[in-house]
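With chain F fixed as given, assemble chain U with the ligands onto it according to the hints.
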Amino acid sequence: MTKSNGASPPRPQLEIDGVSLDFGGVRALSNVHFNVYPGTIQAIIGPNGAGKTSLLNCISGLYRPQHGAIRFEGRNIVGMAPHHIARLGIARSFQNIELFRHMTVLDNLMLGRHIHMRSGILSGGIYWGRAQREEIAHREVVERVIDLLEIQSIRKKVVGALPYGLQKRVELGRALAMSPRLLLLDEPMAGMNSEEKEDMARFILDVNEEWGATIVLIEHDMGVVMDISDRVAVLEFGQLIADGTPDEVRSDPKVIDAYLGREHAIRQER
Amino acid sequence: MQSGTFHTSYASDMALRPYWIQRLRIVIVLIALLIFPWFADRYWLNLANTIAIAAIGAIGLNILVGYTGQISIGHGGFLAVGAYTAGLMAVRLDMPMWITIPVASCFTALVGAFFGLPSVRLKGLYLAIATLAAQEIIIWLLTHGKLLGIGESLSLPRAANNLFGMPLADLGNNDFVFYWITVGCLILTVIFVSNLFRSRTGRAFVAIRDQDIAAQVIGVDLFRYKLLAFAASSFFAGLAGALTAHYRGIISWERFTIDTSILYLAMIIIGGLGSVSGSIYGAAFMTLLPALLSNLARAVSGFVPDINAYLPYIQQGAFGLAIILFLIFEPEGIVKMWRNVKDYFRLWPFSY
Ligand SMILES: Nc1ncnc2c1ncn2[C@@H]1O[C@H](COP(=O)(O)OP(=O)(O)OP(=O)(O)O)[C@@H](O)[C@H]1O
Ligand SMILES: [Mg+2]
Chain F
1 MTKSNGASPP
11 RPQLEIDGVS
21 LDFGGVRALS
31 NVHFNVYPGT
41 IQAIIGPNGA
51 GKTSLLNCIS
61 GLYRPQHGAI
71 RFEGRNIVGM
81 APHHIARLGI
91 ARSFQNIELF
101 RHMTVLDNLM
111 LGRHIHMRSG
121 ILSGGIYWGR
131 AQREEIAHRE
141 VVERVIDLLE
151 IQSIRKKVVG
161 ALPYGLQKRV
171 ELGRALAMSP
181 RLLLLDEPMA
191 GMNSEEKEDM
201 ARFILDVNEE
211 WGATIVLIEH
221 DMGVVMDISD
231 RVAVLEFGQL
241 IADGTPDEVR
251 SDPKVIDAYL
261 GREHAIRQER
Chain U
271 MQSGTFHTSY
281 ASDMALRPYW
291 IQRLRIVIVL
301 IALLIFPWFA
311 DRYWLNLANT
321 IAIAAIGAIG
331 LNILVGYTGQ
341 ISIGHGGFLA
351 VGAYTAGLMA
361 VRLDMPMWIT
371 IPVASCFTAL
381 VGAFFGLPSV
391 RLKGLYLAIA
401 TLAAQEIIIW
411 LLTHGKLLGI
421 GESLSLPRAA
431 NNLFGMPLAD
441 LGNNDFVFYW
451 ITVGCLILTV
461 IFVSNLFRSR
471 TGRAFVAIRD
481 QDIAAQVIGV
491 DLFRYKLLAF
501 AASSFFAGLA
511 GALTAHYRGI
521 ISWERFTIDT
531 SILYLAMIII
541 GGLGSVSGSI
551 YGAAFMTLLP
561 ALLSNLARAV
571 SGFVPDINAY
581 LPYIQQGAFG
591 LAIILFLIFE
601 PEGIVKMWRN
611 VKDYFRLWPF
621 SY
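Protein chains in written order, with the numbering used here: chain F, 1 to 270; chain U, 271 to 622.
No lab work stands behind these hints, which were simulated from the structure alone. Don't be surprised by glycine CBs; every beta carbon is placed ideally from N, CA and C. Possibly wrong hints are sitting among the right ones.
Partner residues aside, some chain F positions facing chain U, computed with beta carbon under 10 Å [unchecked claim]:
#, residue
1, Ser60
2, Leu62
3, Ala91
4, Met103
5, Ile115
6, Ser123
7, Ala131
8, Gln132
9, Glu134
10, Ile136
11, Glu143
12, Ala175
With the rest of the complex left out, here is chain F (with noise of 0.2 Å):
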């Protein structure tokens, strides 16, 4: 894949168009502009509370933005179900796991599977037959989910007695099962070791090459994101201050000064 070197720019596969959200008040977002491109990891940054998760559940569906529109391959999805974005192609993980605790990895990562089945009520109460070789078929889709992030041997486990690593890899896999075309992930390796870190960072890249799927990162740890995102779009009190390529974004002085420059201070002062 060709990532940003071309002459004429790929058509944007997700456009945040003029985005503003408030809450009573508070204004999570204000017009926010900027657009991911197909095939790409665009990060997005932040001080805590700069509207990250809030811009997320605006794309999935969540939230609705009181102006601007969020386009999505070309179609506007403001006001759309969150349910009616998922079968459009779009999956996400959460900041604090949001998983089916009580079921086990393999029933959660079936669940990813849920729009691209068809069985209804009856023919899955029947089982024998359609819905038995629709699960077999799916089966075989999420054991490369399964595959791919190395969680062979805890399968029949149930979610809620694993470690949070685990959980949030478990989580990641239930995005991956949607066969998405486009990945959001909130902070998917806060709370991790510097291993577990690295692990996740594999995956999302893997995923993004071998699977094609567009990624949007909310991360925290600047190392991380520097190193493997394209772009990087910096919001500050649900403001958009800076869009670009790592390199811009590292030397933009606005950026400097209302993020990394305070991650600076902060860590000299240590």
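Here is chain U with the ligands on its own, set in the frame of chain F:
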């Protein structure tokens, strides 16, 4: 837990009962069910039929409450819809049971889906109150039955109890013949619901229970699936109600009040939320407990002459006590106790 069993294909890996010992247990249970009616007297057949019908209703309620996480205290009302639909079809239209029972079940599913509409907006306690409204509306309609033209109770014609033109009375006594029907329906219900929860729709129900926001984001249409859960749950309530109507031959609204709704909730809590076998254990427990108490009362009535006057209070007290004890000591219900016993023996003699 089990080791030494390896699955060679996804189909066998996904089987409902993958281990031979589980299959053996099912065969034993089925044989016992086949033999039982030939030895049981009418008293025990009646108990078995009562349990089987209650188990169908309890499995239905468990679909909604235990698996989908939607609270309902309107189940008694849905049982009534099933019973009265079947009853009215038999009385007014001279329809036989093999038509009335399926139609009544489907009609109850529709009514359930209708009263499930508030679940789209309401959760928890608020939804419970909305389903209570469903319960009260249904009972109000039945007690102000001029609308439907029914009195205090409804008697079904014996002729309605025939299968494809063959009168049931020709096949044996009512309890014996209905044993095959109720247990047959229970077995079909168990198979259907077990399958449901290892395939797409059932998984979506459980996803809604565990994390409804994540369920939406992976593409589950909450509106559709909540109504579907209400419909499926009410279908089995309708089936249980219709079976009751034809088995008892007489129905009255008093059997379907909020007490009944609570009784069914108690069954699935005591048996095990989100478990098909738990629903059956709970139904058996709640049916056998009062029967056991009245037998005990009869046994001691020689020494305690007034006991029969107190029996209803003792039975109610025992219900309450059982519920409290389960909530304190085994909130996961009888299935969990049974699983502990099995685990104990699986590791035996190394059971530490
Ligand atoms: N549901 C909500 N109701 C009210 N206010 C909200 C809601 N969700 C977010 N906010 C507010 O919007 C602002 C942005 O929050 P958001 O969670 O999007 O930040 P974030 O960039 O993801 O922060 P973090 O790095 O801590 O995750 C905050 O001021 C937050 O309090
Ligand atoms: Mg956030």
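Going through the earlier hints one by one, which of them does the structure break, listed in rising order?
-> Structure breaks no hint.
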